[in-house]
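4 protein chains.
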Amino acid sequence: MSQIKALFLNASLKNSEEQSNTEALWKEVGEIYDQEGIAHESVRLADYYIPYGIDKDLGDGDEFPQILEKLKGADIVIIGTPVWSGEKSSIATKALERIYGSASETNEKGQSVFYNKVAGAVITGNEDGAKNAAQSILYRMSHMGFVIPPNVDAYWVGEAGPGPSYIEANGIENDFTKSHVEMLAYNTMHLAKIFKEQPIPAVGNTQ
Amino acid sequence: MSQIKALFLNASLKNSEEQSNTEALWKEVGEIYDQEGIAHESVRLADYYIPYGIDKDLGDGDEFPQILEKLKGADIVIIGTPVWSGEKSSIATKALERIYGSASETNEKGQSVFYNKVAGAVITGNEDGAKNAAQSILYRMSHMGFVIPPNVDAYWVGEAGPGPSYIEANGIENDFTKSHVEMLAYNTMHLAKIFKEQPIPAVGNTQ
Amino acid sequence: MSQIKALFLNASLKNSEEQSNTEALWKEVGEIYDQEGIAHESVRLADYYIPYGIDKDLGDGDEFPQILEKLKGADIVIIGTPVWSGEKSSIATKALERIYGSASETNEKGQSVFYNKVAGAVITGNEDGAKNAAQSILYRMSHMGFVIPPNVDAYWVGEAGPGPSYIEANGIENDFTKSHVEMLAYNTMHLAKIFKEQPIPAVGNTQ
Amino acid sequence: MSQIKALFLNASLKNSEEQSNTEALWKEVGEIYDQEGIAHESVRLADYYIPYGIDKDLGDGDEFPQILEKLKGADIVIIGTPVWSGEKSSIATKALERIYGSASETNEKGQSVFYNKVAGAVITGNEDGAKNAAQSILYRMSHMGFVIPPNVDAYWVGEAGPGPSYIEANGIENDFTKSHVEMLAYNTMHLAKIFKEQPIPAVGNTQ
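Chains as they are written, first to last, in this note's numbering: chain A, 1 to 207; chain B, 1001 to 1207; chain C, 2001 to 2207; chain D, 3001 to 3207.
Be aware that a few hints might be false.
[Stated by the list, open to error] Have a look at the derived ranges for each label pair, beta carbon to beta carbon:
(1) C/2034 x D/3063: 57 to 63 Å
(2) A/172 x B/1107: 38 to 44 Å
(3) D/3106 x A/178: 38 to 44 Å
(4) A/55 x D/3167: 44 to 50 Å
(5) D/3106 x A/110: 32 to 38 Å
[Unchecked claim] No more than 25 Å apart at the CA atoms, straight line, and that leaves these computed lysine-lysine pairs for DSS-like:
(6) D/3014 x B/1196
(7) B/1014 x C/2014
(8) C/2196 x B/1014
(9) C/2196 x A/193
(10) C/2070 x A/178
(11) B/1056 x C/2196
(12) D/3196 x B/1193
(13) D/3196 x B/1196
(14) B/1193 x D/3193
(15) B/1109 x B/1005
(16) A/196 x C/2109
(17) A/196 x C/2014
(18) A/196 x C/2196
No lab work stands behind these hints: they were computed from the structure.
Note that CB positions come from ideal geometry on N, CA and C, so glycine has one too.
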């Protein structure tokens, strides 16, 4: 079996010159992938020029096509987002719009190009909103062709109100977050392997 | 001006024989109402027989009509709910369905019977989901005729994962929660008084 | 391979003495299951006495334990709901609360008892709200251990505002709805078969 | 009384060189404002350089400060958005992030600078998602200091699945949409006038 590849799209509002709490939580997932021989790459979306629109290539220097190629080459796609006002970030929303604009591409069997890939979500915030962000991301990914394994919403948020973020709050010590990091990493890996061996038959689901 | 009356509908899954964290947070609001001379009543929805359906009276012992009378008599309506799986409770959902089934009733000017009343939300949970619950409740109340004052979502939730609830966690000490209790209490009161003096003109909004 | 079994939980607010639009859409799914040799059963939740609470058995005549046995015996679980005020029904919310209260049960390997099962959603409404209902249902099912296959949200809703429901509107003629019925039926079947042959390894996901 | 001013922020993904369905629905609101002597201005957000972040001025050519000045000068703020994948647009999400980053500014009484202003939402899409977009927008606006009048969610969406948009579908003929345009226009106007005469007392709600 060829190596399983995981792609992390970090929808932090900050580019990679600044520290991202969501990246820090993702690194916990990446450590498990390292142990298990899963290749992984993290893309900071704010580093790219990604214009607005519902199309896979909007021209004029649009860098989303590069990201689309990475998506097509990945077996596992994890969307990472901070929580603002109890929701996923605007960059996460834009990424989902651009993926949606690419979902009519098909694989060689006529299914959406995202079939046989699995998706998950990594979320951090000072407070409340992780499940709202997770449900939005995971539903849209499943609607575009990805499989959602069990328990692939790894998140940390603090108590109600302003407060320290994941890194400062030492969220890594939270047992619930730790167990969800583990389930996210292992279940995306398990299912990616299963669909590599046994792809979803192209019956009833071609475009 | 006649006395302002506030009604609290507590959508705890437990009836009043058991302690409700959401009730405990509501009491903080009630204390401010007491200081300000606002009458208030708390209704534990789980104590009533409220069948499912979209009608103001479903017959066969339906006790919602009693609650509808209380709603009509109130100037301020606060929905309280626990958070389960990041959402408002099923009893809160049912209450909104029944209020929706009553929204075609009109006042003497032909507006929805809920015009000139203001709404708010009080929410508690172990963890994540308060804003999701708040947005669902406040939007539906506004869609049925209530005015939503600023900052009327008073909530407490703990850090990600299982953990103590509001009472046990001493959530009352949370400054953010305290400030939102205050804004909820005062802004519902301020706006209820304003609409008592200056009702919304019946132009462009009659049924 | 033993026969695949599908369970449909219909969260209509009406019991089975009344016609359900959601049931009518489900029947389209059932026809495909019949052709493919998938056993299926529909449970009208409003016919059962299901009290409120977060536990698998609340005693006092609670009939949820019967439904839990059906859930454990099924390979595919589809939640069906009408849309009210742009959301899933209160009975759907209650069903998810009760399933959540049962998710700490484990299979013989120590995973949640819902592992290796797949979930989907069938939704009907006069208007707007199907995706909101779908995201809520599918996310919660994945959070409780189910796998979400691609494109398992089959729905019909009409144009904005009051209007005819699925049956009366002849929603069955809607091409989008038809294609999603097909993807729901086939993808739940395909994945249920895959997980029957290749269960998710009990590594990183036991409780 | 000085003239009431309404500001429309159109979060279309397209800039003003292209036709916007959401703008077309907004124009219906604007006609009523014209009749009633309400000044109004429409801002196409995609025409501006608005970087990502949670701050009122991100420097480097950030044009959001211009929009913030317009927000401060308005009595009524309407957010308009298309529906993509059942949600508000990424530009709407970004606008809410930037408004959130400005909500700690205060008026001369110490309340959020958005107090005594009212908000609403105008939404168009091919299909399903308007209420999800409306609840997200209206809740966040209320959480940042705006008052939400009754029935200020004016929207048009078509039947489930791909199909014509508002202009092409002649959504203007939809009675439900028409009545909500009217309620949005009149109720934002009524409440803006009320708060101009009777501002919300600065008791219990200063920062």
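Status of each hint after checking the structure:
Taken as a hint, the range 57 to 63 Å holds for the pair residue 2034 of chain C and residue 3063 of chain D, whose Cβ atoms sit roughly 59 Å apart. About 56 Å separates the C-beta atoms of residue 172 of chain A and residue 1107 of chain B, a value inconsistent with the hinted range of 38 to 44 Å. Checked against the hint of 38 to 44 Å, the C-beta distance between residue 3106 of chain D and residue 178 of chain A comes to roughly 41 Å, which is consistent with it. For the pair residue 55 of chain A and residue 3167 of chain D, the beta carbons lie near 20 Å from each other, so the given range of 44 to 50 Å is not met.
Distance hint for residue 3106 of chain D and residue 110 of chain A: a CB-CB separation of about 58 Å, inconsistent with the stated range 32 to 38 Å. The hinted pair formed by residue 3014 of chain D and residue 1196 of chain B fails the criterion: a straight-line CA distance of about 44 Å is larger than 25 Å. In summary, the hint linking residue 1014 of chain B to residue 2014 of chain C is supported, as the alpha carbons are separated by about 24 Å, within the 25 Å threshold. Distance hint between residue 2196 of chain C and residue 1014 of chain B is unfulfilled; the C-alpha atoms sit about 39 Å from each other, more than 25 Å.
Using a Cα cut-off of 25 Å, the hinted pair residue 2196 of chain C and residue 193 of chain A holds, with the two alpha carbons roughly 15 Å apart. At roughly 32 Å between alpha-carbon atoms, residue 2070 of chain C and residue 178 of chain A are farther apart than 25 Å, so this suggested pair is violated. Between residue 1056 of chain B and residue 2196 of chain C the CA atoms are separated by roughly 47 Å; this puts the pair beyond 25 Å, and the hint is violated. Distance hint between residue 3196 of chain D and residue 1193 of chain B is fulfilled; the C-alpha atoms sit about 15 Å from each other, no more than 25 Å.
Of the supplied pair hints, the one linking residue 3196 of chain D and residue 1196 of chain B holds, its CA atoms being roughly 16 Å apart against a limit of 25 Å. Restraint check for residue 1193 of chain B and residue 3193 of chain D: the C-alpha separation of about 16 Å stays at or below 25 Å, so the hint holds. At most 25 Å may separate the alpha-carbon atoms for a hinted pair to count; residue 1109 of chain B and residue 1005 of chain B meet this at roughly 21 Å. A hinted pair counts as satisfied when its Cα atoms are at most 25 Å apart, and residue 196 of chain A with residue 2109 of chain C qualifies at roughly 24 Å.
Under the criterion of a C-alpha separation no larger than 25 Å, the hint pairing residue 196 of chain A with residue 2014 of chain C is inconsistent with the structure, at around 44 Å. For the proposed pair residue 196 of chain A and residue 2196 of chain C, the alpha carbon gap of about 16 Å is at most 25 Å, so the pair holds.
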